[in-house]
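Undergrad: Protein chains in written order, with my numbering: chain D, 1 to 250; chain W, 251 to 500; chain A, 501 to 750; chain X, 751 to 1000; chain V, 1001 to 1250; chain S, 1251 to 1500.
Note that these hints are calculated values from the structure, not bench results. Hints are supplied without guarantee of correctness; some may be wrong.
[Unchecked claim] So, partial list: chain V residues that the calculated Cβ filter (under 8 Å) puts toward chain X:
| hint | residue |
| --- | --- |
| 1 | SER1134 |
| 2 | ALA1203 |
| 3 | LEU1212 |
| 4 | ALA1220 |
[What the hints assert, rightly or not] In silico lysine to aspartate or glutamate, EDC-like type, Cα no more than 20 Å apart, as pairs:
| hint | chain 1 | residue 1 | chain 2 | residue 2 |
| --- | --- | --- | --- | --- |
| 5 | A | LYS731 | X | GLU894 |
| 6 | V | LYS1231 | V | GLU1245 |
| 7 | D | LYS231 | W | ASP401 |
[Stated by the list, open to error] Just so you have them, the derived chain A footprint on chain X, three or more residues with Cβ under 8 Å:
| hint | segment |
| --- | --- |
| 8 | 771-785 |
| 9 | 891-904 |
| 10 | 976-984 |
We put the CB at the ideal spot given by N, CA and C, even for glycine.
There are 6 protein chains.
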Amino acid sequence: MRILVLNPNTSQGVTDLIAATARMAAAPGTELRFATATRGVPYIATRTEAAIGGQVALEMLAEHQPGFDAAVIAAFGDPGLGAARELFPQPVIGLAEAGMLTACMMGKRFAIVTFSQALTAWYRECVEWHALTSRLAGIFFLSEPFRAIDDVQGEKADRLVDLCHRALAESDADVIVLAGAPLAGFAAQVQGRVPVPLVDCVAAAVCQAETLVRLGMTPATAGSFARPGAKPTTGLAPALAGWIEGREQG
Amino acid sequence: MRILVLNPNTSQGVTDLIAATARMAAAPGTELRFATATRGVPYIATRTEAAIGGQVALEMLAEHQPGFDAAVIAAFGDPGLGAARELFPQPVIGLAEAGMLTACMMGKRFAIVTFSQALTAWYRECVEWHALTSRLAGIFFLSEPFRAIDDVQGEKADRLVDLCHRALAESDADVIVLAGAPLAGFAAQVQGRVPVPLVDCVAAAVCQAETLVRLGMTPATAGSFARPGAKPTTGLAPALAGWIEGREQG
Amino acid sequence: MRILVLNPNTSQGVTDLIAATARMAAAPGTELRFATATRGVPYIATRTEAAIGGQVALEMLAEHQPGFDAAVIAAFGDPGLGAARELFPQPVIGLAEAGMLTACMMGKRFAIVTFSQALTAWYRECVEWHALTSRLAGIFFLSEPFRAIDDVQGEKADRLVDLCHRALAESDADVIVLAGAPLAGFAAQVQGRVPVPLVDCVAAAVCQAETLVRLGMTPATAGSFARPGAKPTTGLAPALAGWIEGREQG
Amino acid sequence: MRILVLNPNTSQGVTDLIAATARMAAAPGTELRFATATRGVPYIATRTEAAIGGQVALEMLAEHQPGFDAAVIAAFGDPGLGAARELFPQPVIGLAEAGMLTACMMGKRFAIVTFSQALTAWYRECVEWHALTSRLAGIFFLSEPFRAIDDVQGEKADRLVDLCHRALAESDADVIVLAGAPLAGFAAQVQGRVPVPLVDCVAAAVCQAETLVRLGMTPATAGSFARPGAKPTTGLAPALAGWIEGREQG
Amino acid sequence: MRILVLNPNTSQGVTDLIAATARMAAAPGTELRFATATRGVPYIATRTEAAIGGQVALEMLAEHQPGFDAAVIAAFGDPGLGAARELFPQPVIGLAEAGMLTACMMGKRFAIVTFSQALTAWYRECVEWHALTSRLAGIFFLSEPFRAIDDVQGEKADRLVDLCHRALAESDADVIVLAGAPLAGFAAQVQGRVPVPLVDCVAAAVCQAETLVRLGMTPATAGSFARPGAKPTTGLAPALAGWIEGREQG
Amino acid sequence: MRILVLNPNTSQGVTDLIAATARMAAAPGTELRFATATRGVPYIATRTEAAIGGQVALEMLAEHQPGFDAAVIAAFGDPGLGAARELFPQPVIGLAEAGMLTACMMGKRFAIVTFSQALTAWYRECVEWHALTSRLAGIFFLSEPFRAIDDVQGEKADRLVDLCHRALAESDADVIVLAGAPLAGFAAQVQGRVPVPLVDCVAAAVCQAETLVRLGMTPATAGSFARPGAKPTTGLAPALAGWIEGREQG
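For reference, chain D alone in the conformation it holds in the complex (with noise of 0.2 Å):
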């Protein structure tokens, strides 16, 4: 099984944190590549960032799908994800997305746990997009600048630790969701210090990719997620603009 995991931020840094969550977390028999947006902004953090890098993950996907079994688009507020789903053939899964529902397994309700509050109003609408309020705790952030968004789990470890047992503390939540692609990898590291379960969006994401593979998910061809009708495009990258004509190639 082939997975494209997509990073539609411009840090290489966060990729390879993101590679090394991904590859841990992969079955034996998959087969996984990685991709890091050439344009757009470092860090997606904002509604503006968000809706920039939503184009620029179905530009990446309409590059280099051909020949994957399924995508993930490795940034937690799930950029591009509603439109990516109707316009390839493959199951694409957004960070966010896994992780919530994965956490639904462990619990009733779960908490968000990121590094910024600059990702809160964003990650807010995400939630509501994917109709999930009702299962959310709390969002909860560090209030405090970082130096590097590819070493901010290493810089904040402590004082995110904190953070999940105010979570805690503050709501009823019953796990927690570590919320953005620079957080992959940190559940593993400090599991044993939180008393709920912790969830690893991009493990999270690549099993659940896996997972749709495995069940042999078709695409639709009704619905509202059934591809639409090509239409003409101006101005376009060309792989996206292939894939909106109908003449794409793969």
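With chain D fixed as given, assemble chains W, A, X, V and S onto it according to the hints.
TA: Positioned in the frame of chain D, the structure of chains W, A, X, V and S alone reads:
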């Protein structure tokens, strides 16, 4: 007062319809300017096209907004609206938002009537994003193809009036929102044939934009729509990159 | 265009505040007329007073509405609004409705800030009636008594600004709705001291009434706001009895 | 125990129906007294009539309540209920409230069956006010006119039984609430013809009023139903004015 | 009228508390009988214990119900209630259900006050099952251990009164539901010390059971609570097996 | 990895169907063990049977779980799931839960398609317990009897495919969840005849159980699924009693 009206579709014919209706709706002292997308698709209908349209709307705003008091994103699903509202200093209004909120003042529930089933999934997500689902009586659409996007209201006038009657018979709608920029101006033509108020979204959006300007709405520097901090970008349209990087002109 | 602004409270001082703000907000060609309740209470704050105020608002509309293009019920909880909307042919707008819907165009969630706890139960029911609870970030109120209803904004200016800051700190509000006719005009005075948009409900209501008239909104003859059939009455105020019995003048 | 049953309609014939059913339902030691509105409309059906009926109910309570242990507002939409509950020291129960809450003990969802479409908008708002929408399977009504409000159950008996069957076929109702004081006593007559429990709202309201008295429910002096502070009034019915001004008799 | 009151816990001391309160609440002609679980746990507090308690309640009903007009499942989370309602011909009422629905007639929102945190997850699921979450102001509990389940109200009287005050200060509760059969009779003892109505669930359940009998509620033969068809069973308690297999005695 | 798959029904034939499908879905290294209930009913369909099945599932888990890494409760309504999740240290997954959450990754809304109306009330409560109602497009069922529970998919194959088409025509489903253990393996047989993804709940549950094990999900010691404190029991099955009393073997 100067209001910028953006058509994030590439159809000049649709911009012409928008412009004619907007000019009729605007107050005497209001100066309107119109812009048509130079990249994207002729008419946004799907989640994919909306994801692209969101970025296109941001690019257009970044380029054209200097000197304007408010802006209208003139596509019913409001592509890019949340992002635009956080990035730019002027009030930005979406067509769906303006139409739905105006409809709320004429009844408890509104029906959305539109000309193509392809639009309904995106429209429903738009209603959910605005948290107005409990005001929605239903989305009603024509199931048949149409010839040209900029003459759909001419070709389908009788069919759309029939659809309005069906919406009233099959739901508890008090008001009807005629959805999609290609229906600009249609409400005025057929109001006499439908027994509930019909909302023209383009006209509503222009009036609401004027209202926000007249009320002196200032940009937020707190809350989730405060402008995000500057961030480096790669490969974005220059004007939009300027806004995200905090070195905009205007 | 002629707009009737009704104060369903018996305080002439509050009507004066309303009038000053409404005149500032109105477009050049708009003619405004104001009326003060001749029965009821000085200032509606409770469910009981709102129940009375609803009937008073209907009596006032029945008496004064001939010749007007739209009407505003100038009390925040919108007493009698649903009834007025079904009975009279013109658009009728409530202060709360106008303020909240306008706020929705400036952010995802609004806080309601007001000067007395006594108002909050009624206000909450009003938000629920409008089905806008999911847009509400919270209702914040002063806990202390005030001297005079028509000078509460003068006496409490600093306290209300502090309360706006508390609302932002303790909720996820993007916008603040300053609630209650006695706060008419207060937003303009303190906008510079609060980092999110402040909505003045009286100003918003005038602009929204103008918008509905400019959009040519016609009375419904179907749906739940179609005018009910004539019915005999006993012991009601003559003008209101006339409207219910279908023999109105005007 | 003494219970006051108020008909906020001016139809003495409806009061007679209410009285006959209430007497059958009351426990041996319960003393019932009935009052008919002396102003208002023969039968409340619309939002307008409900707004008037709310004030009428308050006037009737203010005048008649001294000496009673509880009161029933005997109109299905519960006009004035929230206000009455905050103003008067005794428990006050609405017909809709009693019928719906009783129905909840016989199933997961109830259908409301009534004799006129004119009632449905008001009834729906009443269900929403009680926050029972998720228990509502639907509102079903006869579309045809009836001859006399106090014989609607005689004239339409078979049609209403058919409507109950339709409600069961078209919704997931477990119980049926027969709505409107004019249907008092009808459940007992046709229960054998309908395969789910039928709730008679008048009978339910009398039993629930007795229950609240037997449970010794005391008036709140905190929370949103604590009696409001005294306030001056102008032009109100004397007894009601007395209660609001804090100089009531009784 | 004969009412069966089942304690699905094995604590005879709790049954004694229930019985004392139920006898005070019952109407003169009502004959009450009590039963205590012979298997299960002393006091149901967790999801696990509730799952067991549900089956125990069904076993007890199957064994004891012949000859009764109604039954009460006297544990706050209503174990087995939905099942009992579909299987047996009499009305069956749960303690939580009776307490919450009765509370709804005294205010808009109720707080649940109880003596142990262990109960809260189960209680919350019970509120959700009854679809009364929007009427719930909060669940408040003591965090400390108690000595004996049948004297918790004696030991913790002052602490529970303090907790009621905290519930009023920290939520918008209008009424307080004292939750858990071990608090039977406590409301009457401390009502004077709490400024909102206190609901005693055992007393409420007895009154509501009487009400359903007096209203002549008949078993459903349609809807989701119609008795299911007979089905073979293996290894169940004989009386319950008889009911499921359609060869019950009684 | 060792996974225990429990059939809380007494039908060995259904266990055989489950086993065949589970073995096809499991990853190479996964060892599966199956158990069939020795008490209860042949096929759980009603609230009563689910209440019994919940306890049966707990008894089976208590007896069989030692040595397993995860467990699946292989009945669609997830009897006993919440209880099992709090009592046992391994991840426990329900069939409905796994099917619905997996479906969420293939579309916005799923329809549940099943073979008997008797199941729908229980299924609906299960969807509500999981707080997934807003993802549910509808529950669709065959109205006709079937011959044998372990051959319902053979007998009704065409009828079920027709029902899938009806679900797509009458709802906005993007995915279909084939509900009930007796439909195990059916999705793979008919996927080609239905234009949206079909989810096989048994296959999904096995994959999700594997995912939770691979992610290293640890038991909670805080939150509402922390294992409850030990408590004495009376008359329970020995292994279950052992777990509740804190003296389990394993």
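Undergrad: If a hint holds in the structure, say so; if it doesn't, say that too.
TA: Checked hints:
Below 8 Å, beta-carbon pairs count as interface contacts, and SER1134(V) has one with chain X at about 4 Å; its hint therefore holds. Hint on ALA1203(V) holds. Least Cβ distance to chain X is approximately 6 Å, under the 8 Å limit. Contact between LEU1212(V) and chain X, as hinted, is supported at the beta carbon level, the nearest pair being about 6 Å apart and thus within 8 Å. Here the hint on ALA1220(V) is kept, as its CB sits about 5 Å from the closest CB of chain X, short of 8 Å.
A distance of roughly 17 Å separates the Cα atoms of LYS731(A) and GLU894(X); the hinted pair therefore holds under the 20 Å criterion. With a C-alpha separation of about 5 Å, the suggested pair LYS1231(V) and GLU1245(V) falls inside the 20 Å cut-off, and the hint holds. Note on LYS231(D) and ASP401(W): the hinted pairing holds, with a Cα-Cα distance of about 18 Å set against a maximum of 20 Å. Three residues within the 8 Å Cβ limit are the bar, and the segment 771-785 of chain X against chain A gives 0, so the coverage statement is violated.
Look at the segment 891-904 of chain X against chain A: 0 of its residues bring a Cβ nearer than 8 Å to a Cβ of that chain, fewer than three, so the hint is violated. Only residues whose C-beta sits within less than 8 Å of a C-beta in chain A count toward coverage, and the segment 976-984 of chain X has 6 of them, enough to reach three; the restraint holds.
When the structure is compared with the earlier hints, violations turn up for hints 8 and 9 and for no others.
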